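A.B. asks: Chain by chain, the residues:
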Amino acid sequence: MIVEIGHYALILALALSLVQGTIPLAGAHLRYDSWVAVARPVAIVQFGFVAVSFAALTYAFVVSDFSVLNVAMNSHSAKPLLYKVSGVWGNHEGSLLLWVLILTLFGATVAVFGGNLPPELRARVLSVQALIGTGFLLFMLLTSNPFERLVPAPADGQGLNPLLQDPGLAFHPPFLYLGYVGFSMAFSFAVAALIEGKVDAAWARWVRPWTLAAWCCLTVGIALGSWWAYYELGWGGFWFWDPVENASFMPWLAGTALLHTAIVVEKRGALRSWTILLAILTFSLSLLGTFLVRSGVLTSVHAFATDPARGVFILAFLILVTGGSLTLFAIRAPTLKGGGLFAPISREGALVLNNLLLTTACATVLLGTLYPLFLDALTGEKVSVGPPYFHATFVPLMVPVIAAAGFGPLMAWKRGDLAGALSRLRVALVFTFAVALATLVFAAKAPLLAVLGTALGTWLVAAALSELAERLKLFRASPGESWRRARHLPRAAYGMTIAHAGAGIVILGVIVSVTWETEHLQVVRVGDTVPIGGYDFTFRGVEDVKGPNYDAVRGIFDVSRDGDPVAVMTPESRVYNTSTMTTTEAAIRPTLTSDLYAVIGDPDGKGGWAARLYHKPLVHWIWLGAILMAIGGVVSLTDRRHRVGAPKRKPVRSNTDTTRPVEA
Amino acid sequence: MRLTHILPLVLFAVVALALGIGLTLNPRIIPSALIDKPIPEFTLPPVDGRPNGLAASDLRTGEVAIVNIFASWCGPCRVEHPLLMEIARSGEVPVHGINYKDLPRNAVAWLKQYGDPYQRVGSDRDGHVSIDWGVYGVPETFVIDREGRIAYKHVGPIMRDDLDNKILKKVRELQGK
Numbered sequence: 000m001i002v003e004i005g006h007y008a009l010i011l012a013l014a015l016s017l018v019q020g021t022i023p024l025a026g027a028h029l030r031y032d033s034w035v036a037v038a039r040p041v042a043i044v045q046f047g048f049v050a051v052s053f054a055a056l057t058y059a060f061v062v063s064d065f066s067v068l069n070v071a072m073n074s075h076s077a078k079p080l081l082y083k084v085s086g087v088w089g090n091h092e093g094s095l096l097l098w099v100l101i102l103t104l105f106g107a108t109v110a111v112f113g114g115n116l117p118p119e120l121r122a123r124v125l126s127v128q129a130l131i132g133t134g135f136l137l138f139m140l141l142t143s144n145p146f147e148r149l150v151p152a153p154a155d156g157q158g159l160n161p162l163l164q165d166p167g168l169a170f171h172p173p174f175l176y177l178g179y180v181g182f183s184m185a186f187s188f189a190v191a192a193l194i195e196g197k198v199d200a201a202w203a204r205w206v207r208p209w210t211l212a213a214w215c216c217l218t219v220g221i222a223l224g225s226w227w228a229y230y231e232l233g234w235g236g237f238w239f240w241d242p243v244e245n246a247s248f249m250p251w252l253a254g255t256a257l258l259h260t261a262i263v264v265e266k267r268g269a270l271r272s273w274t275i276l277l278a279i280l281t282f283s284l285s286l287l288g289t290f291l292v293r294s295g296v297l298t299s300v301h302a303f304a305t306d307p308a309r310g311v312f313i314l315a316f317l318i319l320v321t322g323g324s325l326t327l328f329a330i331r332a333p334t335l336k337g338g339g340l341f342a343p344i345s346r347e348g349a350l351v352l353n354n355l356l357l358t359t360a361c362a363t364v365l366l367g368t369l370y371p372l373f374l375d376a377l378t379g380e381k382v383s384v385g386p387p388y389f390h391a392t393f394v395p396l397m398v399p400v401i402a403a404a405g406f407g408p409l410m411a412w413k414r415g416d417l418a419g420a421l422s423r424l425r426v427a428l429v430f431t432f433a434v435a436l437a438t439l440v441f442a443a444k445a446p447l448l449a450v451l452g453t454a455l456g457t458w459l460v461a462a463a464l465s466e467l468a469e470r471l472k473l474f475r476a477s478p479g480e481s482w483r484r485a486r487h488l489p490r491a492a493y494g495m496t497i498a499h500a501g502a503g504i505v506i507l508g509v510i511v512s513v514t515w516e517t518e519h520l521q522v523v524r525v526g527d528t529v530p531i532g533g534y535d536f537t538f539r540g541v542e543d544v545k546g547p548n549y550d551a552v553r554g555i556f557d558v559s560r561d562g563d564p565v566a567v568m569t570p571e572s573r574v575y576n577t578s579t580m581t582t583t584e585a586a587i588r589p590t591l592t593s594d595l596y597a598v599i600g601d602p603d604g605k606g607g608w609a610a611r612l613y614h615k616p617l618v619h620w621i622w623l624g625a626i627l628m629a630i631g632g633v634v635s636l637t638d639r640r641h642r643v644g645a646p647k648r649k650p651v652r653s654n655t656d657t658t659r660p661v662e663a
Numbered sequence: 000m001r002l003t004h005i006l007p008l009v010l011f012a013v014v015a016l017a018l019g020i021g022l023t024l025n026p027r028i029i030p031s032a033l034i035d036k037p038i039p040e041f042t043l044p045p046v047d048g049r050p051n052g053l054a055a056s057d058l059r060t061g062e063v064a065i066v067n068i069f070a071s072w073c074g075p076c077r078v079e080h081p082l083l084m085e086i087a088r089s090g091e092v093p094v095h096g097i098n099y100k101d102l103p104r105n106a107v108a109w110l111k112q113y114g115d116p117y118q119r120v121g122s123d124r125d126g127h128v129s130i131d132w133g134v135y136g137v138p139e140t141f142v143i144d145r146e147g148r149i150a151y152k153h154v155g156p157i158m159r160d161d162l163d164n165k166i167l168k169k170v171r172e173l174q175g176k
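So the sequences go chain by chain: A and B. Heads up: the first sequence at position 654 corresponds to 653 in numbering that gives the first Met the number 0, and the numbers run straight through without jumps. Heads up: the second sequence at position 144 corresponds to 143 in numbering that gives the first Met the number 0, and the numbers run straight through without jumps.
Okay, chain A solo, but in the shape it has when bound (with noise of 0.2 Å):
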């Protein structure tokens, strides 16, 4: 009963989107303002019911109610609760009532809270989101329904695919979810101002903590999954340029670009329609990832359902929605004015940089991930782009971006001065060159690269630090007087301090751990000991585990260094009862400076055991500079101008009058 109210609710979901996605939309360019109004409680109402449809899958998760497919198909009764719940959205239905709760929770968010926005522009942000919506809840009823009764109910289920019965991968869909969403609010807002035909600081002021909010979560999803990926696959790896991956990366890229160049829509008035191709392409390029993931278009088959009908179904949605944005864009843009100019040296030139940077990163990521299938399209033949590509691609198109996200905050607006920015950044530019001596001289084996790596990575953070001493007058003023600026400085500048010093911090964690990490794999016996990275592992057996729902062999390693004990390293090879699969639970012993990683495999048959020993020097700093990046958004999202909200707008008579550009 429970489940039909759950379905219920979404087919009322969905009347109420059409009806959100039309009233509002009709009333605001009819000035019924009735019908404007429609929009705020429609959204709320609309929230409701989808929350109620997934409360409702979610019980059938919890109770383990096999008469429905979906529970039956990926849940187990002995499965612990936690994932019980995360297995809700751990498949593709499920997964799609997520994407569709937060959808409708952000229309809500605005509706609710949207009260300093002019009220035909809401109505039609609310009415674009609905629209979105539709599409989704469409989707879902059509061919992807997630409450289809099965009949006769199996004794028990099928179980969740063993590898995502993890932590770390139980909130990787949620936070990746928060940020794909959060995406569509810039998206709504970017084709409001393209129906409204304007586009304003006030209209930047909505939109950039919507794309920072969402930015983070992506953030946090995306080191989520290659935190994942490092302790669960058992290879040691983070990244490994797979569609599924990249599908995430893209519009984190261009979400990152949108976050910039926002900024300068809001203190200057300039790059707007460059801004709103922006929103659309970051969020089309969400929507291209769920159509890679969930179509099996690129992936082959077997992770996810490959139904081809829901394929065509995606497909057909990203056509209408990025295509028809893209439409209104090309005959909405050029009405658009252009805003303040600025010399090429200036803020607004390194946001420009930065841009064209990240765009063309995004460019290059997107052509690796669809050239096998362009290619297959062409001419039949089925390659597959691997890491070199994106290695010889994506990272040269970093390395201006990120020597250059070291000066451009100490460039003014309008005209920066280069010269000046150097000397300012002289004490991060000789650290920069002491470390990549340094780097040189003492590590062993150090390719040029690297040494660059490093030195970009350390020149990131110290310019970042330096830039916010330089703000305080830290050390050139008197404590006192540095203390009152440190007080007085807007949140954002803090934000972008942390976040621009979490991405040098990744950035050395990835360079350092990959070039200096040292790899043993080989069979060891009972009693063995193996150095590596300065630590002795001695291999002391195995022995049989149970878990809740599976069997492991748990290999024991005893690590010490110039003889004193370090730790007890204890990785597992675990097989599900309800699947013959068999997942690796690598041990990591973080230290200070490195991660000690050991993975037990196979018997040879003859007592010994197949082990992967590794030494990762600063792997940690990769998922340690993401959360400092998710946070410094977060501070940034606390600023005094984003709690104070826009300031109004005078009613405009004209849909084609703009307004100036604001001063801020």
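Fair warning: there could be bad hints in the mix.
Claimed, not checked - Now the stretches of chain B that chain A is said to cover, found in silico as 3 or more residues with beta-carbon under 8 Å:
#1 3 to 11
#2 15 to 21
What the hints assert, rightly or not - Derived lysine-lysine pairs resembling DSS-like cross-links, with alpha carbons at most 25 Å apart:
#3 B:Lys111 <-> B:Lys100
#4 A:Lys605 <-> B:Lys100
#5 A:Lys266 <-> A:Lys413
#6 B:Lys100 <-> A:Lys545
#7 A:Lys266 <-> A:Lys336
#8 A:Lys266 <-> A:Lys472
Quick caveat, the hints were computed from the structure, so don't treat them as lab data. Values in this document were obtained by computation on a predicted structure and should not be read as measured data. Note that beta-carbon positions come from the ideal geometry of N, C-alpha and C, so glycine has one too.
Given the coordinates of chain A, assemble chain B onto it according to the supplied hints.
C.D. replies: Below, chain B alone, put in the same frame as chain A:
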């Protein structure tokens, strides 16, 4: 309208077109290098607790046959299973199975629970024979012609449309009906 403003739309149209073509190509036709080639030599023992193993000679009897690669741990196999049962009930063409990297007791329990459409099932515990068949993963389904050659390969779960318009169509064509 200026060119620069139309450019994104044009680029997107190209991408969308490729995606559309990709959708029709993939993943149902991952080309099998083995199409129209004789089936590989193999002999697989029966699944413990079930009679009739599967060997290459069983597929060279002058009869068209279907070989389905399945496993009890495979979710999509559960999806296509009713359609395999349907073929078996119709008696139109014999269905054989290769049980891929599975525990025999799980496989037998699975066939008891959902029904057993297979005449013969070979147990491929380590998956080596399936590699010879060019199997990417489970489920996959092959149509074998009268001379024991692979005539058609379907990757992923069989949907109603695949069964009626591709697999059975191919079978009937080969049977000369």
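A.B. asks: Compare the structure with each hint and give your call.
C.D. replies: Hints versus structure:
| no. | hint | in the structure |
| --- | --- | --- |
| 1 | 3 to 11 | holds (count 5) |
| 2 | 15 to 21 | holds (count 6) |
| 3 | B:Lys111 <-> B:Lys100 | holds, 18 Å |
| 4 | A:Lys605 <-> B:Lys100 | holds, 23 Å |
| 5 | A:Lys266 <-> A:Lys413 | holds, 11 Å |
| 6 | B:Lys100 <-> A:Lys545 | holds, 22 Å |
| 7 | A:Lys266 <-> A:Lys336 | holds, 15 Å |
| 8 | A:Lys266 <-> A:Lys472 | holds, 24 Å |
When held up to the earlier numbered hints, the structure conflicts with none and fits them all.
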